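There are 2 protein chains.
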Amino acid sequence: MQNEDYMVIFQPSGRRGSVPKGVSIVEAARLLGVGIETLCGGRTVCGKCIVRIEAGRFEKFGITTGLDHVSPWQEAEGKFINAEQKAAGFRLGCQARVFGDLLVYVPEASRACKQVISKAARDIKIDLNPAVRHYHLKLDPPVIEEPLGDFERVGRDLEKKYGLKDLTIDLFALRQLPRVLRQGDWQVTVSVWNQKEIICVRPGTVKRSYGFAIDVGTTTVAAYLCDLNSGHVVDTVSMMNPQCKYGEDVMSRITYHRNNPGGLQRMRDDIIAGLNQLIDRALAVTHPPKPAKTILDASAPVEADATGNSQEEYLCLQHDDIHDLAIVFNTVMHHIFLEIDPAALGRSPFPPAIHHSLNIKARDLGININPAAYVFVLPNEAGFVGADNVGVLLAEQPHKGDLNQLIIDIGTNGELVLGNRHKLISSSCATGPALEGAQLSCGMRAAPGAIERIAIDSETKEVDYKVIGRQAWRKFSGPEDMHVRGICGSGVLDLLAELFRTGIIDKGGAFNRKTLNGHPRLRKNPSTGMAEFVLAWSAESAIENDIVITQKDIRQMQLAKGALYAGCKLMIKRLGLKQVDLVKIAGAFGTHIDRVKALIAGLFPDCRIENIQSVGNAAGDGCRAALLNVAKREEADWYARNVEYIELTTEPNFQREFVAAMSLPHMYDDFPHLEGIVPADILRQ
Amino acid sequence: MQNEDYMVIFQPSGRRGSVPKGVSIVEAARLLGVGIETLCGGRTVCGKCIVRIEAGRFEKFGITTGLDHVSPWQEAEGKFINAEQKAAGFRLGCQARVFGDLLVYVPEASRACKQVISKAARDIKIDLNPAVRHYHLKLDPPVIEEPLGDFERVGRDLEKKYGLKDLTIDLFALRQLPRVLRQGDWQVTVSVWNQKEIICVRPGTVKRSYGFAIDVGTTTVAAYLCDLNSGHVVDTVSMMNPQCKYGEDVMSRITYHRNNPGGLQRMRDDIIAGLNQLIDRALAVTHPPKPAKTILDASAPVEADATGNSQEEYLCLQHDDIHDLAIVFNTVMHHIFLEIDPAALGRSPFPPAIHHSLNIKARDLGININPAAYVFVLPNEAGFVGADNVGVLLAEQPHKGDLNQLIIDIGTNGELVLGNRHKLISSSCATGPALEGAQLSCGMRAAPGAIERIAIDSETKEVDYKVIGRQAWRKFSGPEDMHVRGICGSGVLDLLAELFRTGIIDKGGAFNRKTLNGHPRLRKNPSTGMAEFVLAWSAESAIENDIVITQKDIRQMQLAKGALYAGCKLMIKRLGLKQVDLVKIAGAFGTHIDRVKALIAGLFPDCRIENIQSVGNAAGDGCRAALLNVAKREEADWYARNVEYIELTTEPNFQREFVAAMSLPHMYDDFPHLEGIVPADILRQ
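So the protein lines, in turn, are chains A and B.
Take the first sequence: its position 536, counting from 1, is numbered 543 in the numbering used here, and each next residue is one higher.
Take the second sequence: its position 613, counting from 1, is numbered 620 in the numbering used here, and each next residue is one higher.
I should point out that these hints are in silico values taken from the structure, not numbers from a laboratory.
Warning: the hint list may mix true and false statements.
A pair counts as met if it fits within one copy or between any two copies, since identical chains are not told apart.
[Stated by the list, open to error] Within a straight-line C-alpha distance of at most 20 angstroms, the following computed EDC-like cross-link-like pairs (lysine to aspartate or glutamate) qualify:
(1) Lys430 with Glu152
(2) Lys214 with Asp327
(3) Lys514 with Asp676
(4) Lys368 with Glu346
(5) Lys580 with Glu152
(6) Lys580 with Asp613
(7) Lys430 with Glu153
(8) Lys172 with Asp644
(9) Lys132 with Glu642
(10) Lys28 with Asp108
(11) Lys368 with Glu204
Source: prediction; values computed, not measured.
Model the full assembly from the supplied sequences, consistent with the hints where possible.
Right, dumping it as C-alpha cells:
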C-alpha cells in the first residue's frame, strides 16, 4: 500500500516531473504545466488530446519507458485513432493513465496555445452613481469632558454634515479607525458602501477610488479597471479562463466536478487565483507614469494610447484602493466561482441555486482587493441564461424602447433575448462549440495559425484565407509562410457562408459533386471514406497535414446554426411578431463576425443588413454599468425577475423548426435581403 | 549578521529549547511553555518574576552556563532583589535577557499556577427570544414549467408561510442549499438570523440550535453553552485568559502592545485560540450521554449533577450546530479581541474605538462555530467601562426600578454604576490589583495554597486561616499540612477587616504597636526595616518563608478600597442622594466576598447589611441574556448610550475624598450598621 509516483516527460516542451500512479496523461500535463487541448473534458467526444507514447530507454532522461507503462487501450479511442496510429503509440491523453515512467510526445495539433482574446471596453454612456462614496470630515478631537468613541464621533458628523444615519462599520475598517483618525489629525475620508456601511477610512482628504468590472467567460476572462470618480476605464486586462483545462464547455466542467472529488474546489481555486493575477496585472501596469490604455493580450507588446488622465499622472494603485467589484458569468461559472454545486444545472429542469444578485465581502471569496469591499455578483436569469446575459441587457436596454430587438450572445452556449419595453423573453440553445471551432476535425481556438477569414472564388473554387498572427492573406503569401493550424470561430461562419454562396455545398449542406467534379480540393478521405474539402494544403500548414473540412464538420455547423435559428424563430412566434427590427450580436465572437456572412449562413431569420449590429462584449459593458451605477444593480435584479425564460427544447414545434433551420440559409424562409449577394439560383434551390 | 539561538533549560520543570538571542527570560519561558508569574507585564512593578540563573557546566544537559550569559543587572531589579540574592544569581525574569546558554531555576513563588476559576451561571430569568430562528418548509420541487432557483423557491415559501420578506442568504449557507434541498427531498429547516439573513439550511425537520455566551475577563474566561430552544445552560467551561502571560492588568497589555511589534496580533491570536479551545471542550464534553453540568475547572474531576435534560440524552454537538454567540469584556479586552489598536484607551481622555454593539461573522474573527453565524459583541459604555459592565446592567436592570442601586464590579479594574429608572451614572476607579492579591508582597492569584479566608482572635491576635485546596482551617491542621503560598483576593479583604476589627491596625492603617507590644507576629523586617505582621510561619508555608503582610501592603489595600469608596461617594453626591438603597457586588471576587467584612474594611459607604448582595458573574449572566433574547441587545445599546460616564479623577473633590476614604472604614463617615460588629472604641477612634 504505497503511493507510487512515476516520472513523466513531455516533448517537445521538455517539461518533466513526478506524478501519482493512475492519473491520466491530460491530468499529468496539467500537473506539470503542459498545455494539452481538452475540449470535452475527458468524455472522448472531441479527440483533441491525442498524444504519442514513446517506447525505449532514454539515456538522456535516465528513464526506460514503453507502451505498457500506460493503462490498456479503450475502445472509445478508436473513434479518433486508427490501427496504424495505435501501433505507433498514439493514445487519447484523457484515457491513457500513467502506470510507469513515460516519455510523451504532444503533437502540434494537440498543443493548447495561448488564445487571442479581444474584449476591449466599448465607449458606452453610463451615469456615474457608484455604490461606494467618499465623505470628508474634520472632527473635534475627544476631550475629557466629551470622550465619545471614534466610531460614534465619525457617525455623528456624517449625520450632521451628510445626513447619513444608522451606519455600520466593517471590522477591517474599524481596525484602521483609531490610527487613521490620529494620523490625519482628526481629518479623514470615510468611504461608505450603499449609504449603509463604512468600508474604509483614510487620513486627510483623499479621492482615489477604483473598481473592477469582470466578465468571466467559459473560455476567456476580461477585467476592466475603472476610476469610480470619473467612470473611465483605466485599463483592460484579460486572460484565458484557467478552468479550460477541466473542459472547454460548461457541461464538461459539471462533468469534471461530478467525477472528481474536490473538483469543484479546484476549479474555484483556479478562477480565484486567475482573477487575482488579473487584478495584480492591472494594478502593476498602472504603476509607471503613463496614461490609461487598453491591453488586448498580456503577451502582446504594451501600446499606450493617449487617452489622457492628466489629473493623476503617477497612478500607483494598491489593492486597498479597489473599493468595489462587479462580476458576471454564465450560471455554471457563477456557481463554480461561488463554490456552489452546479450539478443541478446539468439536469432538467436546470434550476440555478439562486437568481438574485449577491453582495459578498471580497475577503470571503479570497479576491485580493480592499478586504472590506463588497463583490457585487450580478443575478442569473435561468440555469442557462446567466448574469452575463443580464449584463448584455444592462448594456443594450431592450426594455427601454419600442423596437423589437433580438439579442444573440454567442459564446460556447447561445443565449437569446427578444422583445421591447412591453415584454422580454429569453432562451438558450445548445449551439455546441462548433461555431467556436471546437469539435470540428480542424477546429481550434482563436490562436496564432487559426484561419479567421475565408473567401472562396465563385468560379475556380480556390480558397483564400487569413490566419491569426499574419497580416497578409494566402494569395499574397508563399505557402510556407502561412503555418496554418486549423480554423477558429470567426472563420467557421465565413466558411459555411462561402461554401454555400459558391455552390460547393447545397442548401442541405451536402458537397455538390456535380459542381466540383474532379476538383482536387474535394476528395474522399482514404481511411474514413468520408468526403472532405481541402482548405489549405499541407505545404501551408504547421501540422504536416492538409487542413480540411469534412461532411461531418459541415453537419456540426448546421446543427449549431440550426439550433440558433430555430430558437430565434420560436421566440419571434412566441411574441407574435412577423420579424425583428434589430439584430444585435454580442460576445467576442460577435466582434469578429461578418454580418453578411452570418445572414448567408442563416444564423438568424432575414433582416435588413444595416439593422444587424455587432455590440462587442456587451456582457462586460453591462457589468461595468453595474459597477459604476447602483441604479443598474436594481435594474439587473429587475431583468432577472422579469425576463421570461422559455425552454425551447420542450416547445412542441422545436424539432421541426430545428430540422428546417439546418438548411442554408433555411429550408422555407425567404431571405429578400440576400438578393444580389447570393446568386438567385443558389439562394432559391 | 547571523540570528543566534541559545539553549535555555528551565528547572524544576525541565522544559528546554532554543530561543533567539536577546529575548527576556520571561519571554523565553513563554516560548517554551513554562509558566512564570508576570503581573505587571515587565514594568518592574510587581517583582513576581524572580528567577535564579545557575552557573557552571551541566553535563546532564550538555551546556555550560553562567551569570554572564544574561544581560547586565538593571538598577530597577534592586527593588526586589537584595545584594545577597543578587550574588546568588537571582534576577527579574522580565529584565534579564538571554545572551548565552542558560539553566534557569524558577522558585515556587514565581511559578504561575493554574488559578481556581469560579464563574458558574446563575439561575436568572431570561425571556427566550433568540436572534436565530428555525423554519420548516416542504417545497414543491422544480419542474420544467417552473424551474425557479433554489433560493427563490425557499424565499417564496418563507414569505407565504411565515411572512418573512426580502431575506438575504449567507454565502456559506447558499453553498449548502442545492445539496440540502435534494438530500431532504425538498423538506428543509431554514435558520434565519434577525429575520434578515438565512445562515443555515438543514435537510428535514431539525430543531437543534445552540449558542455560546462568553465573558472574557482580564484574568479569566467563562463560556456558557446554551440551548437556544430552551434557554438552558448546557455546560459552563472556563479557563485562564491566555493573555495573562503578557501582563496581569489591562494597562500591562496596552504596554505590551506598544513595546512589541506584532504584540496586538499575538494577544489577539491567543484569545481566539483560547476561545476555540473552550468551545471545543464544551462540545467534546457534551458528547457522552450525560446530563448538563457545570465544570468549574478543566483540571478538576468532572462531577455531573443531575439537572436532567432528558429530552435529548445523547447530545452530540458539532461546531456547525452553534448558531449564535454573544461576548462581553472590558474595553481593552474588547479592542484586543477585535484587533483594534487599544493605545488610545491608555491615554486621557481614553476614548474607545467604538461604543456600539457589533455583529461580526464568526469566520471573520476565526471563531470556530458555524461559519455563517454572527458573533454579537456587546457595546462599550466608555474607555474604562466596557461591555462587561453593560452585561452586569442587563442582568441587574437598575433602570427598571425605583430603588437606587449601587453596583460594584470588582475585577482588576473597579466599575461602578449608580441610579434607578430616572438616571444612571457609571464610573471606573483604578483600584489596582491589590484587592485581587497582586502587588502585595505575599499576594497571589486564587490558586491552590492561597489564603482565601482569615479570622484573627481579638484577644490573642492569633491568626486562623483557610487555603484554597484544603478544607480544614489552620487551627484544625498541622502546620506542615497547610502549604501556604500567599494570599489571594478574597483573603485580602478579610485580612484588612480583621486587622482593623482586632485593633492590630488603627483607623489610619498603621500597626498598633501598643496593642501588639512584644507580640511575635509583629516585627521589623531585618533587611528593609519595615514593620510586618506574620500571617503564617514558614513551617506552614510552601515557599520556605513566613507569609507576611507589610505596612506597605496595608497601604496598597487602603489605596484600592479608598479609590472605590471615594468613587461611590462622589457618585452618590452627583445624584444628590443621601445613601444608596442596595449595594450589589458583582464579579468572581464578589461571589467570595464576606459582605460584613467588606463593610468593615470600608469598601463602600454604610448600608444595611441585608441590603448588600453578591450577584456573582453578572457580566456573564447579562451576556447570556443578550444571547437568548434579541430585545436585550437593543437594551444593551440603550445602556451604552444612556448611562452617563463620570470621570472621577477630574472631580474637584476627588483627591480629598480619596484621602478620607483610605481610613478604616472612613475618616469621617458614620457606620451605624457596624455597631455591635466592630467594638465601639475601634470603630470610633
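Going down the list of hints, with the structure as the test:
Only between protomers do Lys430 and Glu152 lie at most 20 angstroms apart by alpha-carbon distance; the minimum there is 19 angstroms, versus 63 angstroms within a single protomer. In this homomeric assembly, Lys214 and Asp327 come within 20 angstroms of each other (Cα to Cα) only inside a single copy, at 13 angstroms, whereas the closest approach across copies is 42 angstroms. Taking CA atoms no more than 20 angstroms apart as the test, Lys514 paired with Asp676 passes inside one copy only; the shortest distance there is 12 angstroms, against 113 angstroms between copies. For a Cα distance limit of 20 angstroms, the shortest separation of Lys368 from Glu346 qualifies both inside one copy, at 15 angstroms, and across copies, at 19 angstroms.
In the homo-oligomer, the alpha carbons of Lys580 and Glu152 lie at most 20 angstroms apart only across protomers (19 angstroms), although the nearest pairing inside one protomer, at 76 angstroms, exceeds that limit. For the identical chains of this complex, Lys580 and Asp613 are intra-copy neighbours only, at 14 angstroms inside a copy versus 92 angstroms across copies, given an alpha-carbon limit of 20 angstroms. Within a single copy, Lys430 and Glu153 get their C-alpha atoms only as close as 59 angstroms, which misses the 20 angstroms cut-off; across copies the closest is 19 angstroms, which meets it. Only between protomers do Lys172 and Asp644 lie at most 20 angstroms apart by alpha-carbon distance; the minimum there is 16 angstroms, versus 26 angstroms within a single protomer.
Proximity of Lys132 to Glu642 under the C-alpha cut-off of 20 angstroms is restricted to the intra-copy arrangement: shortest distance 16 angstroms within a copy versus 49 angstroms between copies. Only within a single protomer do Lys28 and Asp108 lie at most 20 angstroms apart by alpha-carbon distance; the minimum there is 10 angstroms, versus 49 angstroms between protomers. In this assembly of identical chains, the alpha carbons of Lys368 and Glu204 lie at most 20 angstroms apart whether taken from the same copy (12 angstroms) or from different copies (15 angstroms).
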